[in-house]
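Undergrad: As a plain string of letters, each chain reads:
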Amino acid sequence: MRQFNYILKRLLHMIPVLFCVTILIFLMIRLIPGSPAEIMLGDKATPEKIAILEEKMGLNEPLIVQYGLFLKQIVTLDFGDSITYARPVLELIQPKIMVTVGLVISTTIFVLLLSFPLGYLAGSKHGTPLDSGIKTGALIVISLPQFWVGTLFLLLFGLKLHWFPVGGWGDTFLEHAHSLILPGLTGALTTSALTIRNLRSNVIDVVNSDYVDFARSKGLTEKRIKNRHIIRNSMISTVTLLSLRIANMLGGSIVIETVFSLPGLGKLLVDSIFARDYAVVQTVVLMLALIVLIVNLITDVAYSMLDPRVRLE
Amino acid sequence: MKKIWKRAAAMLLAVSMVLALAACSSGGGNNSPAPSGSGGESPSGGDAAIKSEIVFARREDSNNLDPVLQDGNVNIWFFTMVLESLLKVSDDGTKIEPGLAETWDVSEDGLTYTFHLKEGLVFSNGDPVLAEDLVWSYERAMHTEESLWAELCLNLDSVEAPDDTTFIVHVKEASPVDEVTFTLFNLTIGDKSYFEEVGEEAYAKCPVGTGAYKFGEWKQGEYLMLEKNENYRDADSVKTEKIRVTVVPDDNTRVMQLQGGNADLISDVPWNRMSEVEATSGLDIATPISTEVRSLNFNCTKGPTADVKVRQALTMAIDKEAIVKMVLFGYGEVADSYLPPSIPYYISPSTTKSHDVEAAKALLAEAGYADGFDITLTTNAGNAIYEQMATMIKEQLAAIGVNVTIELLEAGTFNAKRAALELDMFFGGWTSDIPDPSQQTSYWCLPATANSVHTGWSNDRVIELGYAAAKEMDSEKRAEMYAEIQEIYADECPTVPIYYAPYGVGMSAKLDGFAQIPTGPYRFNNLTCAE
Amino acid sequence: MEQKDNTSVFEQTEASRGEEAHHIKKKKHFWQYSMSLNIGLVIIVIVLIFAFFPQFIAPYEPNTSNPDAIMLAPSAEHLFGTDNYGRDIFSRVVWGTRIDVAMGIFAMIVPLIVGSIIGLIAGYYGGWIDTILMRILDVVMAFPFILMVIVIVAILGSGLMNMFIAIWLVAWRDYARLVRSEVMIAKHSEYVMAAKVLGYSEIRIILGHILPNVVNSAITFAAADIVMCMLTGASMSFLGLGVEPPTPEWGALISTGRPFMTQAWWMCTLPGVAICIAGVGFSLFGDGISDVLRAKSR
Numbered sequence: 023m024r025q026f027n028y029i030l031k032r033l034l035h036m037i038p039v040l041f042c043v044t045i046l047i048f049l050m051i052r053l054i055p056g057s058p059a060e061i062m063l064g065d066k067a068t069p070e071k072i073a074i075l076e077e078k079m080g081l082n083e084p085l086i087v088q089y090g091l092f093l094k095q096i097v098t099l100d101f102g103d104s105i106t107y108a109r110p111v112l113e114l115i116q117p118k119i120m121v122t123v124g125l126v127i128s129t130t131i132f133v134l135l136l137s138f139p140l141g142y143l144a145g146s147k148h149g150t151p152l153d154s155g156i157k158t159g160a161l162i163v164i165s166l167p168q169f170w171v172g173t174l175f176l177l178l179f180g181l182k183l184h185w186f187p188v189g190g191w192g193d194t195f196l197e198h199a200h201s202l203i204l205p206g207l208t209g210a211l212t213t214s215a216l217t218i219r220n221l222r223s224n225v226i227d228v229v230n231s232d233y234v235d236f237a238r239s240k241g242l243t244e245k246r247i248k249n250r251h252i253i254r255n256s257m258i259s260t261v262t263l264l265s266l267r268i269a270n271m272l273g274g275s276i277v278i279e280t281v282f283s284l285p286g287l288g289k290l291l292v293d294s295i296f297a298r299d300y301a302v303v304q305t306v307v308l309m310l311a312l313i314v315l316i317v318n319l320i321t322d323v324a325y326s327m328l329d330p331r332v333r334l335e
Numbered sequence: 008m009k010k011i012w013k014r015a016a017a018m019l020l021a022v023s024m025v026l027a028l029a030a031c032s033s034g035g036g037n038n039s040p041a042p043s044g045s046g047g048e049s050p051s052g053g054d055a056a057i058k059s060e061i062v063f064a065r066r067e068d069s070n071n072l073d074p075v076l077q078d079g080n081v082n083i084w085f086f087t088m089v090l091e092s093l094l095k096v097s098d099d100g101t102k103i104e105p106g107l108a109e110t111w112d113v114s115e116d117g118l119t120y121t122f123h124l125k126e127g128l129v130f131s132n133g134d135p136v137l138a139e140d141l142v143w144s145y146e147r148a149m150h151t152e153e154s155l156w157a158e159l160c161l162n163l164d165s166v167e168a169p170d171d172t173t174f175i176v177h178v179k180e181a182s183p184v185d186e187v188t189f190t191l192f193n194l195t196i197g198d199k200s201y202f203e204e205v206g207e208e209a210y211a212k213c214p215v216g217t218g219a220y221k222f223g224e225w226k227q228g229e230y231l232m233l234e235k236n237e238n239y240r241d242a243d244s245v246k247t248e249k250i251r252v253t254v255v256p257d258d259n260t261r262v263m264q265l266q267g268g269n270a271d272l273i274s275d276v277p278w279n280r281m282s283e284v285e286a287t288s289g290l291d292i293a294t295p296i297s298t299e300v301r302s303l304n305f306n307c308t309k310g311p312t313a314d315v316k317v318r319q320a321l322t323m324a325i326d327k328e329a330i331v332k333m334v335l336f337g338y339g340e341v342a343d344s345y346l347p348p349s350i351p352y353y354i355s356p357s358t359t360k361s362h363d364v365e366a367a368k369a370l371l372a373e374a375g376y377a378d379g380f381d382i383t384l385t386t387n388a389g390n391a392i393y394e395q396m397a398t399m400i401k402e403q404l405a406a407i408g409v410n411v412t413i414e415l416l417e418a419g420t421f422n423a424k425r426a427a428l429e430l431d432m433f434f435g436g437w438t439s440d441i442p443d444p445s446q447q448t449s450y451w452c453l454p455a456t457a458n459s460v461h462t463g464w465s466n467d468r469v470i471e472l473g474y475a476a477a478k479e480m481d482s483e484k485r486a487e488m489y490a491e492i493q494e495i496y497a498d499e500c501p502t503v504p505i506y507y508a509p510y511g512v513g514m515s516a517k518l519d520g521f522a523q524i525p526t527g528p529y530r531f532n533n534l535t536c537a538e
Numbered sequence: 126m127e128q129k130d131n132t133s134v135f136e137q138t139e140a141s142r143g144e145e146a147h148h149i150k151k152k153k154h155f156w157q158y159s160m161s162l163n164i165g166l167v168i169i170v171i172v173l174i175f176a177f178f179p180q181f182i183a184p185y186e187p188n189t190s191n192p193d194a195i196m197l198a199p200s201a202e203h204l205f206g207t208d209n210y211g212r213d214i215f216s217r218v219v220w221g222t223r224i225d226v227a228m229g230i231f232a233m234i235v236p237l238i239v240g241s242i243i244g245l246i247a248g249y250y251g252g253w254i255d256t257i258l259m260r261i262l263d264v265v266m267a268f269p270f271i272l273m274v275i276v277i278v279a280i281l282g283s284g285l286m287n288m289f290i291a292i293w294l295v296a297w298r299d300y301a302r303l304v305r306s307e308v309m310i311a312k313h314s315e316y317v318m319a320a321k322v323l324g325y326s327e328i329r330i331i332l333g334h335i336l337p338n339v340v341n342s343a344i345t346f347a348a349a350d351i352v353m354c355m356l357t358g359a360s361m362s363f364l365g366l367g368v369e370p371p372t373p374e375w376g377a378l379i380s381t382g383r384p385f386m387t388q389a390w391w392m393c394t395l396p397g398v399a400i401c402i403a404g405v406g407f408s409l410f411g412d413g414i415s416d417v418l419r420a421k422s423r
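Chains as they are written, first to last, in my numbering: chain P, 23 to 335; chain S, 8 to 538; chain B, 126 to 423.
For reference, chain P alone in the conformation it holds in the complex:
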């Protein structure tokens, strides 16, 4: 019941947050100099033509009217048309959501596969050469730019070994999955370097903590201590860290998407910012916000289940 109340409260809190997100994104993209009409016209821009196009785009309305229209669009779930792509925003982003979600899933799987065993190993063997090796390896991996790693992977596993396609997204589900492996791994390297370090330091903290000493003095087996206390307690802030990355993975994968030619949201979002395609940017950011909020809520609830010391308040 308590948890139910908490979730309900958080869901209610989402409304003002989403409201602020709409205002923020609405104002931010309009603060960037240059109007969409001007960009579309490029070299051919003249004041008269800009005026005609802006009228067609509905940009000569006062800001408050434009914002009202945006809110109306949210309520009616009709997010308007993209000015650059001349089609409804929802239709434009639907296929791209699939790509991006696929990329996030692929990345997360690789992060989990890499960071939990390595992080736990490094932490529990604290101070040994193995620990130093994992730690230094993670530090080196974290320092590699994604576009460099991605290009190297394509060169090696795509072009030389033919294990994976050289970029692209494919047509069938299997092809999609196949083409997401290298991008997922590339994205996972940076993130898992962070999570390995974080998990390692948590494991050290937990191993040295009083309650593990206490558990030991109670005569619990090492295995039980490991499972019940160390792993569970050290995972908590690592899971937070992962959930913190979700927005970055969803909308910030422009570099990976560009290198691997994946038609995802990140590239669309950046292209749309550059083109001042207000409708696309607003819709995508709002959607990301919703997903991030839900993921954060799930993390917080999961938190309270994992760690009895945390209370929902």
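Simulated from the structure, these hints should not be mistaken for laboratory data.
The calculated lysine to aspartate or glutamate pairs, modelled on EDC-like cross-linking and capped at a C-alpha distance of 20 angstroms, are:
(1) LYS182/P / GLU283/S
(2) LYS66/P / GLU153/S
(3) LYS78/P / GLU158/S
(4) LYS71/P / GLU153/S
(5) LYS424/S / GLU70/P
(6) LYS66/P / GLU429/S
(7) LYS212/S / ASP103/P
(8) LYS226/S / ASP103/P
(9) LYS212/S / GLU113/P
(10) LYS226/S / GLU197/P
(11) LYS78/P / GLU208/S
(12) LYS424/S / GLU76/P
Once you've looked at the hints, dock chains S and B against the given chain P.
TA: Positioned in the frame of chain P, the structure of chains S and B alone reads:
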């Protein structure tokens, strides 16, 4: 307020269901650009050994295929294979050839053009080409106010079609450019009844025309499919069934796709990779000539560059040859005029300033800047070529004491500042849409069109000549006029034309029949690729 | 007399030294806590020398091109090879140290402090303060990091300072969330309860009892964040919104060298090695600090 949340949840649910459906339905296709190579045998018989699907990787996807409402080359270069104009430019860009019109007559006064269309023309959907399609296509191009290209048809007065194969165009004034106008991409013939049936939005995704190819599936950001038009009047000559035009934004990845056989043809090969691609066995390059000119533009309204002597000095300080060598890796030519050699009436002006650091210093001292000055060179972000040129020009101008600060601006901001004449120096360029100097001249030299490429430069003699030359029917006089304009331009240096570059195309050595005309559009009618 | 006096002074100092030595044995010197700290410090000192005195280390002018030495492979003459303008890459890397170290540290330190304070306040006080701060955090969290940076740089214009501002405005959120979640745990611990019972002031409890126990993960994160900030520069260069050319910033070196990866691998790889070394140095230093703090808090 709670209702919003409910709706949002409903939306999320709906989106995820659509996604699931999309995932299911997309499972059927087997034409993948996977390394295995997916071309089957050509069903057209005859040449059993050619691929039925060619993969063409380009940098950027199209966004709108409606000839009237679209906004640029990413669209024009492709839909012109689907939608045809009455006349067309020859593949080498030098001549005007019949398109949909078999023959055409011009009245004595040059004000009335009568086109006689080929018999039995049909659109790819089977609809015959009717008189109303011709009139609708032209009138839509002429009268759509928000079209970026309406100004290209300003000289057209009215059109009429007495029957389905006769089309009459009345122009306002006789002009040497008229004939070229009928080759324009926005004056291509589309299917009126189809447009009315599907509406503007659907038309922008898949217009229907009479060309060798028709548009198939288009997954925005992924690929655009060109499919052979079985109703094409010369369908037997078109050998390749499908051309999959994929989007590969990263230059390195695109080249790797060509090397790995995932793509048969790629555009925009980075200049530093050209010789490598050429040297790879099984690969080839092509460098079709273009009308592209890249220049360094000065603000002629304020700052030191408002002084013509300063502009001349800066021009002399720039070593164009070094730029062509180091930025284009030799795949390009040093520019001497704002017109490229691929455009008629181009001359090499005698007034062009050659590279001479000492003379530049002297001239700068004469202008009162013996100790040089500080200036900002702004470039729009994301253009690697401009960044490289900026780096070199900064160093070259330092030799005459001019201290350049390079500023990177995001494209939209750059456009806004440029239009307001707030930039000191910036890069510019133009690829002509028509094989005639009038468009480029109005763009580079006339304040009314684009503020003389946003330099604010204005020269009365050039303005007078520019308008007169566009209407001059006598080609000898016209040549003289354009020569004089180019001489004055090269002397006053509102911009420094730096290089003429070709298109950099990479392809499999098995590919045959690739053509790209100097104004950019592709011609894939004869494109084939051996297995 | 003089002799004796001297001896007594000597003895005196000796005695106090002995006392000091005794004291160290009890408390240990900071370098005895952590090997990471020592290695990290050595690397940082070397990096700082590069940053402060590039003119004595770099063999060539960083921005002067040389048409006769284009894309030369690494050799004794050009340690890291040359780029497509014939500029010496080692010299460019050396000169770039200053920019990247400043970038890493300045971009990290402000969010570390601001974020930690916000996280402390929100976590300790809870209630409506926490609710409001966390909802603000939610708003900022909803935007992907690189997207926010792009938008802010697009508004303010490109350049190092604007990139800092952009990172400052966004990056505090990670620290705030991290610290808050640790505070939530720490404030229910016995020693905080005890401190409360003893009637210590809130400031004393927060700074003296909670902060030392929660700052560890923030510092570990911050150490890795330095290199992430440097890489943000690389990503921004990749998108064309990085520092102005020909500034020899490491990220920009990697990004502009990448098109040449198959022809001149050294152009993008060796500046990458520089980021790696500096990154490892700062991270080890951070780990070391965190080791020391951990040892002290025990």
